[in-house]
Amino acid sequence: MLGYVRARKSEMKYGDYEIYKGIYCSLCNALGKNYGAPGRLLLNYDYTFAALILLALGGNSCTFTQKRCPFNPALKCFFCEKKAETDFCAHAIVITAYYKLKDNIRDERPGKKLLSLLALPFVSLMHRKAKRLAPEVEEIISGAMAKQAEIEKEENPGIDRSADPSADALGKLFSAGTGGDETLYRPGYMTGRLIYILDAADDLEKDLKNGSFNPFARKYKDIKDPEVRRQFADEAEMLLNHTHSDIIECFGILKLKRFDSIAENIIYDGLETSMKTVVSKYRETPEKKKSFTVE
Amino acid sequence: MVDPYIVLGVPRGASQERIDEAYKQKSREYRESGKFDKLDELNDAYDSIIMNGPSGGYTYFGTDFSDIRDKIAAGRLEDAQLLLDGVPVSSRNAEWYYLRGMIYDRKGWLEEARSHYSRAHSMDPSNYEYREACERINNARSGGYKTRESKAGTGSGCSCGACEILEALICADCCCESMGCDIIKCI
Numbered sequence: 008m009l010g011y012v013r014a015r016k017s018e019m020k021y022g023d024y025e026i027y028k029g030i031y032c033s034l035c036n037a038l039g040k041n042y043g044a045p046g047r048l049l050l051n052y053d054y055t056f057a058a059l060i061l062l063a064l065g066g067n068s069c070t071f072t073q074k075r076c077p078f079n080p081a082l083k084c085f086f087c088e089k090k091a092e093t094d095f096c097a098h099a100i101v102i103t104a105y106y107k108l109k110d111n112i113r114d115e116r117p118g119k120k121l122l123s124l125l126a127l128p129f130v131s132l133m134h135r136k137a138k139r140l141a142p143e144v145e146e147i148i149s150g151a152m153a154k155q156a157e158i159e160k161e162e163n164p165g166i167d168r169s170a171d172p173s174a175d176a177l178g179k180l181f182s183a184g185t186g187g188d189e190t191l192y193r194p195g196y197m198t199g200r201l202i203y204i205l206d207a208a209d210d211l212e213k214d215l216k217n218g219s220f221n222p223f224a225r226k227y228k229d230i231k232d233p234e235v236r237r238q239f240a241d242e243a244e245m246l247l248n249h250t251h252s253d254i255i256e257c258f259g260i261l262k263l264k265r266f267d268s269i270a271e272n273i274i275y276d277g278l279e280t281s282m283k284t285v286v287s288k289y290r291e292t293p294e295k296k297k298s299f300t301v302e
Numbered sequence: 037m038v039d040p041y042i043v044l045g046v047p048r049g050a051s052q053e054r055i056d057e058a059y060k061q062k063s064r065e066y067r068e069s070g071k072f073d074k075l076d077e078l079n080d081a082y083d084s085i086i087m088n089g090p091s092g093g094y095t096y097f098g099t100d101f102s103d104i105r106d107k108i109a110a111g112r113l114e115d116a117q118l119l120l121d122g123v124p125v126s127s128r129n130a131e132w133y134y135l136r137g138m139i140y141d142r143k144g145w146l147e148e149a150r151s152h153y154s155r156a157h158s159m160d161p162s163n164y165e166y167r168e169a170c171e172r173i174n175n176a177r178s179g180g181y182k183t184r185e186s187k188a189g190t191g192s193g194c195s196c197g198a199c200e201i202l203e204a205l206i207c208a209d210c211c212c213e214s215m216g217c218d219i220i221k222c223i
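These protein sequence lines map, in sequence, to chains X and B. To convert, count from 1 in the first sequence and add 7; that's this note's numbering. To convert, count from 1 in the second sequence and add 36; that's this note's numbering.
Derived from the structure by calculation, the hints contain no laboratory data. A hint or two may mislead.
Unchecked claim - Heads up, simulated SDA-like pairs for lysine to any residue below, C-alpha to C-alpha not over 20 Å straight-line:
hint : chain 1 : residue 1 : chain 2 : residue 2
1    : X       : Lys107    : X       : Pro142
2    : B       : Lys182    : X       : Tyr192
3    : B       : Lys182    : X       : Met19
4    : X       : Lys283    : B       : Asn174
5    : X       : Lys160    : X       : Ser219
6    : X       : Lys288    : B       : Lys143
7    : X       : Lys20     : X       : Glu279
8    : B       : Lys60     : X       : Gly259
9    : B       : Lys182    : X       : Ser17
10   : X       : Lys20     : X       : Tyr52
11   : B       : Lys60     : X       : Ile260
12   : B       : Lys143    : X       : Asn111
13   : B       : Lys143    : X       : Met19
14   : B       : Lys143    : X       : Met245
15   : X       : Lys154    : B       : Ser151
16   : X       : Lys107    : X       : Gln155
17   : B       : Lys182    : X       : Asp188
18   : B       : Lys143    : X       : Gln155
19   : B       : Lys143    : B       : Ser126
20   : X       : Lys119    : X       : Asn51
21   : X       : Lys283    : X       : Tyr52
22   : X       : Lys136    : X       : Ser149
23   : B       : Lys182    : X       : Met245
24   : X       : Lys216    : X       : Ser149
25   : X       : Lys226    : B       : Ser151
26   : B       : Lys182    : X       : Ile260
27   : B       : Lys143    : X       : Ile255
28   : X       : Lys160    : X       : Asp206
29   : B       : Lys62     : X       : Ile260
30   : X       : Lys154    : B       : Lys143
31   : X       : Lys283    : X       : Ser219
32   : B       : Lys62     : X       : Gly259
33   : X       : Lys283    : B       : Gly179
34   : B       : Lys143    : X       : Asp167
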């Protein structure tokens with residue numbers, strides 16, 4: 008979970024942006040309340056999306072009130088008054104961060120390993136609390152991590168099998184967050200799958216250098232070769248498109264009570280931006296500087 | 037009688053939502069283009085699926101694995117998978133691969149689904165069902181879905197775009213002028 012699922016601000020209405028920011032702030036607040044200031048550092052956009060979807064489905068209304076930001080008292084932000092959904096996501100963030108950290112310590116480069124080791128005591132403490140507060144989330148994520156480790160030991164698991172544990176975990180999280188609503192499983196599953204593929208494609212070069220596991224590593228060993236690079240970009244693009252189309256289809260069936268234009272922005276435009284960013288890394292002319300063209 | 041699933045253009049075992057969606061879209065299409073005989077056929081097909089339920093009772097056309105299809109439609113993927121695995125290798129025909137693909141599709145294993153669907157299609161290129169599944173997936177992979185979906189508010193179906201408003205104003209102006217009044221001075 009690394010911030011692939013975010014809104015495309017340029018396509019957003021200002022009012023929608025305020026709500027989106029309000030949810031982001033509420034999640035930050037939930038992290039702060041439950042886990043103290045260091046907890047806020049774990050905040051990310053992927054779980055903002057999860058909180059948005061959970062808030063969009065539950066209850067009759069969703070009220071935002073203006074308060075001062077406890078992190079930066081000069082700012083006034085809107086906070087959502089509903090607690091259950093944002094708390095749920097806050098617990099999930101902490102538990103995911105804990106397992107991600109442990110994973111980093113196992114196989115990353117020395118620099119990152121040191122940083123992860125330094126952060127571990129704080130996150131372990133938070134994790135102990137999260138485990139108590141949200142045992143069902145702990146069960147889902149630790150189960151997925153164990154399954155993932157098993158699959159990574161296999162000779163050639165293929166993309167579907169490799170993506171399955173994290174996709175399945177997000178699917179289960181989505182349905183657990185709404186009190187066991189099964190219709191949310193597939194949207195969650197597909198979002199998790201897209202994140203996994205994006206992450207794997209994004210990290211392919213790094214993983215090949217470090218010898219870490221990557222589902223594409225076997226087929227695209229010679230990623231430096233321009234021809235292989237082009238092939239990989241094509242395959243990744245098609246894989247991502249396929250998963251993205253499924254996400255669009257299954258979110259289309261969901262009946263969101265509110266925030267549908269924000270969800271639509273994230274699902275259509277936001278995800279597409281992330282997909283393009285990752286794929287363009289492997290195209291022949293990678294764009295180094297940020298720029299855009301108006302015709 | 038024609039296979040109702042072919043009339044609706046959805047694969048067998050499709051979810052109720054998908055069937056409804058296909059029905060709505062097709063009926064709108066036929067009504068707009070005035071193909072009322074097609075519309076009757078569509079209604080009959082929809083009724084027959086609804087009467088029998090998407091999950092059972094329906095006798096499939098030329099299928100060797102109707103029990104497996106029933107299980108997939110009812111969402112019992114593991115049972116269906118077990119039954120499929122029990123089929124001896126020698127009698128694994130195009131439909132076997134298609135059903136296998138369908139199970140993977142339901143599970144969300146899209147790559148496996150694709151390879152099984154395309155194997156089914158290459159074993160029996162004349163089959164509508166297999167071809168439809170392959171086309172659907174290829175369309176998704178090439179990004180064709182991005183242009184198909186019109187986002188709320190920006191689609192041409194919306195009747196309050198700037199052009200329509202201007203058009204209406206000019207019309208109103210013309211009518212007004214003939215009565216001796218003017219709402220847009222410069223036209």
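Lysine 182 of chain B and tyrosine 192 of chain X were given as a pair; does the straight-line alpha-carbon distance stay at or below 20 Å? Answer violated: lysine 182 of chain B to tyrosine 192 of chain X is near 23 Å, above 20 Å.
CA of lysine 160 of chain X to CA of aspartate 206 of chain X, is that 20 Å or under? Answer holds: lysine 160 of chain X to aspartate 206 of chain X is near 19 Å, not above 20 Å.
Would you check the hint for lysine 62 of chain B and isoleucine 260 of chain X, treating anything up to 20 Å between C-alpha atoms as holding? holds (18 Å)
Quick one, are lysine 119 of chain X and asparagine 51 of chain X close enough, alpha carbons at most 20 Å? holds (19 Å)
For the pair supplied as a hint, lysine 283 of chain X and tyrosine 52 of chain X, is the alpha-carbon distance within the 20 Å limit? The hint holds at about 18 Å.
Between lysine 288 of chain X and lysine 143 of chain B, does the CA-CA distance stay at or below 20 Å? violated (30 Å)
Is the Cα-Cα distance between lysine 182 of chain B and methionine 19 of chain X 20 Å or less? holds (18 Å)
Sort out whether glutamate 279 of chain X lies within 20 Å of lysine 20 of chain X, counting only the CA atoms. OK: lysine 20 of chain X and glutamate 279 of chain X at ~18 Å, within 20 Å.
Check whether the Cα positions of lysine 143 of chain B and serine 126 of chain B lie no farther apart than 20 Å. Judged against 20 Å, a Cα distance of about 26 Å means the pair is violated.
Lysine 283 of chain X and glycine 179 of chain B: Cα distance at most 20 Å? Holds, at roughly 12 Å.
Assess, step by step, whether the Cα of lysine 182 of chain B is no farther than 20 Å from the Cα of aspartate 188 of chain X, and give holds or violated. violated (28 Å)
Given hint lysine 143 of chain B paired with lysine 154 of chain X - CA-CA distance at most 20 Å: Between lysine 154 of chain X and lysine 143 of chain B the Cα gap is close to 17 Å, so the pair holds against 20 Å.
Of the numbered hints stated above, those contradicted by the structure are hints 2, 6, 12, 13, 15, 17, 19, 24, 31, listed in ascending order.
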